[in-house]
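Here the protein sequences come in this chain order: A and B.
For the first sequence, this note's numbering begins at 1 and goes up steadily by one.
For the second sequence, this note's numbering begins at 1001 and goes up steadily by one.
No lab work stands behind these hints: they were computed from the structure.
Some hints could be false.
The list that follows gives simulated cross-link-like pairs (lysine-lysine, DSSO-like), each with its CA atoms no further than 27 Å apart [claimed, not checked]:
id : chain 1 : residue 1 : chain 2 : residue 2
1  : A       : Lys-303   : A       : Lys-102
2  : A       : Lys-18    : B       : Lys-1071
3  : A       : Lys-289   : A       : Lys-303
4  : B       : Lys-1014  : A       : Lys-249
5  : A       : Lys-11    : B       : Lys-1008
6  : B       : Lys-1024  : A       : Lys-281
7  : A       : Lys-95    : B       : Lys-1018
8  : A       : Lys-249   : B       : Lys-1071
9  : A       : Lys-126   : A       : Lys-281
10 : A       : Lys-16    : B       : Lys-1024
11 : B       : Lys-1008  : A       : Lys-249
12 : A       : Lys-67    : A       : Lys-102
13 : A       : Lys-289   : A       : Lys-279
14 : B       : Lys-1018  : A       : Lys-280
15 : A       : Lys-123   : B       : Lys-1042
16 : A       : Lys-16    : A       : Lys-176
17 : A       : Lys-78    : A       : Lys-249
18 : A       : Lys-123   : B       : Lys-1022
19 : A       : Lys-303   : A       : Lys-67
The primary structure of each chain is shown beneath.
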Amino acid sequence: MFRYRNEDLAKQILEKLKHLNLNLRLMHVCGTHQDTLVRFGLNLMLKEAGVEIRPGPGCPVCVTTAKEIEEAILLARKGKVVATFGDMFRVPGEKLSLADVKAEGFDVRVVYSITDCISLAEKTNKDVVFFSIGFETTTPATASVISTRPNNFSILSAHRLIPPAMEALIRMGEMKIDGFINPGHVSTIIGEKPYEFISSRHKMPQVIAGFEPLDVLIAVYMLAMQIIRGEVRVENEYTRVVRPEGNEKARQTMNEVFEPFDTSWRGFPVIPSSGLRLKKKFEEYDARKRYEDELSTLDNEYKEPAGCRCGEILRGLVYPDECPLFGKVCTPRHPVGPGMVSREGSCNIMLRYGER
Amino acid sequence: MCLAIPAKVVEIGKGEGKEGAKAKADFGGISREIDVSLVDAKVGDYVMVHAGFAIEIMDEHEAKETIELWKEMLEKCSDTETRI
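The shape of chain A in the complex, shown without the other chains (with noise of 0.2 Å):
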């Protein structure tokens, strides 16, 4: 059940592929996706099959904005405890991280759940500011704290909706994209429904898919399967973990806590309701409010570093190797934009594994 592996049935569906001969460009937005299709050497053997897979903006880490990233760092100097996912640690904002505001002497942790943040908050007496990332995966767990907080504890909310990027892409035409491998664990909790406005209105097959080999090559021979009959709908590979209504108790605890509002997401303009807030019942929680006056000494705008093509990768348009810095000024040790930090960004994947 956990090696979802197949050799036999990998080798015929790159054989059907190839025989099929369909030039296509698919999309997925998801950093696992990306792994698994580099380190299982997929994207290459997929090319000579004739698919081309793209990453899209599938690392939270990497579309949360400077801004985002020069709030918490501002929290930090001023005296509150920050914590996050490691990912998020080193990712620069316009010039330092959270690590450099650590090592200057600040009050920075690491956490791996935010019940460990919790336990932080409810061992002292200083403020503990939760900088919260992630998409549908992550966001209920997040809301799922609210009941239990301490008085000292509040959100600085980054979290982000992963169906309203999808449309943004589109509606940008950058790239033709021929359909999209939809993230297996987003997909876990909203299930299949959000996803079809987008085969309705943008004529857009999509395949959720789940994270083993052969879960992806699966999902790119079911998209192939959509395009040749000219079908355009949702459907799911990942049937041993997503239900079609997806996992109703975490949505609600989701919704319950958060709402939808127009965001901007790195390399991306603003694209409505794609991100999360907390609702006005919680927003004695949410940092933004609770730090208002100090947050309100920030900049609304910040440059992206000096050559960082991050933003491009984000939509698709490059790959990593296409960028100055790539692997010369920005290496996992040196980052200077998100994708070379994160596991999950597309450029610290290309740089790990040594292959696009």
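Given chain A, work out where chain B should sit, using these hints.
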């Protein structure tokens, strides 16, 4: 970031609220506390765990069935792939 890892639920806390949300899970030999408040899991279930939270109960039967189904389907359509 959206990485989720399967684990087997071996113990669930008693009572309502915070304690009842805690469970002990086995990640292939490594035991760790997880939160099961987002799923209706019972002891013995395999769950997908993301950032310390079980986000869904896995369907073991479904996993085996799907591979068999695909094998069968691909074999059947060996000469008619454009028509399936």
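Taking the hints in turn, this is what the structure says about them:
1. Between A/Lys-303 and A/Lys-102, the direct Cα distance comes to roughly 22 Å. Compliance with the 27 Å bound is thereby established for this hinted pair.
2. Between the alpha carbons of A/Lys-18 and B/Lys-1071 the distance comes to roughly 18 Å, so the proposed pair stays at or under 27 Å and holds.
3. Among the hinted pairs, A/Lys-289 with A/Lys-303 is consistent with the structure: their alpha-carbon atoms are about 25 Å apart, no more than 27 Å.
4. Restraint check for B/Lys-1014 and A/Lys-249: satisfied, since their Cα atoms lie roughly 20 Å apart, inside the 27 Å limit.
5. In summary, the hint linking A/Lys-11 to B/Lys-1008 is not supported, as the alpha carbons are separated by about 31 Å, beyond the 27 Å threshold.
6. Distance restraint check for B/Lys-1024 and A/Lys-281: the Cα-Cα separation of roughly 33 Å exceeds the 27 Å cut-off, and the hinted pair is therefore not satisfied.
7. Taken as a hint, the A/Lys-95 and B/Lys-1018 pair is broken in the structure, with Cα atoms around 40 Å apart against an allowance of 27 Å.
8. Only pairs whose Cα atoms come within 27 Å are accepted, and A/Lys-249 paired with B/Lys-1071 is rejected, the gap being roughly 34 Å.
9. Restraint check for A/Lys-126 and A/Lys-281: the C-alpha separation of about 23 Å stays at or below 27 Å, so the hint holds.
10. Between A/Lys-16 and B/Lys-1024 the alpha-carbon distance is near 44 Å, which puts this suggested pair outside the 27 Å criterion.
11. Distance hint between B/Lys-1008 and A/Lys-249 is fulfilled; the C-alpha atoms sit about 20 Å from each other, no more than 27 Å.
12. Restraint check for A/Lys-67 and A/Lys-102: satisfied, since their Cα atoms lie roughly 18 Å apart, inside the 27 Å limit.
13. Restraint check for A/Lys-289 and A/Lys-279: the C-alpha separation of about 11 Å stays at or below 27 Å, so the hint holds.
14. For a cut-off of 27 Å, the pair hint linking B/Lys-1018 to A/Lys-280 stands: about 24 Å separates their Cα positions.
15. Using a Cα cut-off of 27 Å, the hinted pair A/Lys-123 and B/Lys-1042 is violated, with the two alpha carbons roughly 31 Å apart.
16. Using a Cα cut-off of 27 Å, the hinted pair A/Lys-16 and A/Lys-176 holds, with the two alpha carbons roughly 23 Å apart.
17. A distance of roughly 37 Å separates the Cα atoms of A/Lys-78 and A/Lys-249; the hinted pair therefore is violated under the 27 Å criterion.
18. Of the supplied pair hints, the one linking A/Lys-123 and B/Lys-1022 holds, its CA atoms being roughly 19 Å apart against a limit of 27 Å.
19. Using a Cα cut-off of 27 Å, the hinted pair A/Lys-303 and A/Lys-67 holds, with the two alpha carbons roughly 9 Å apart.
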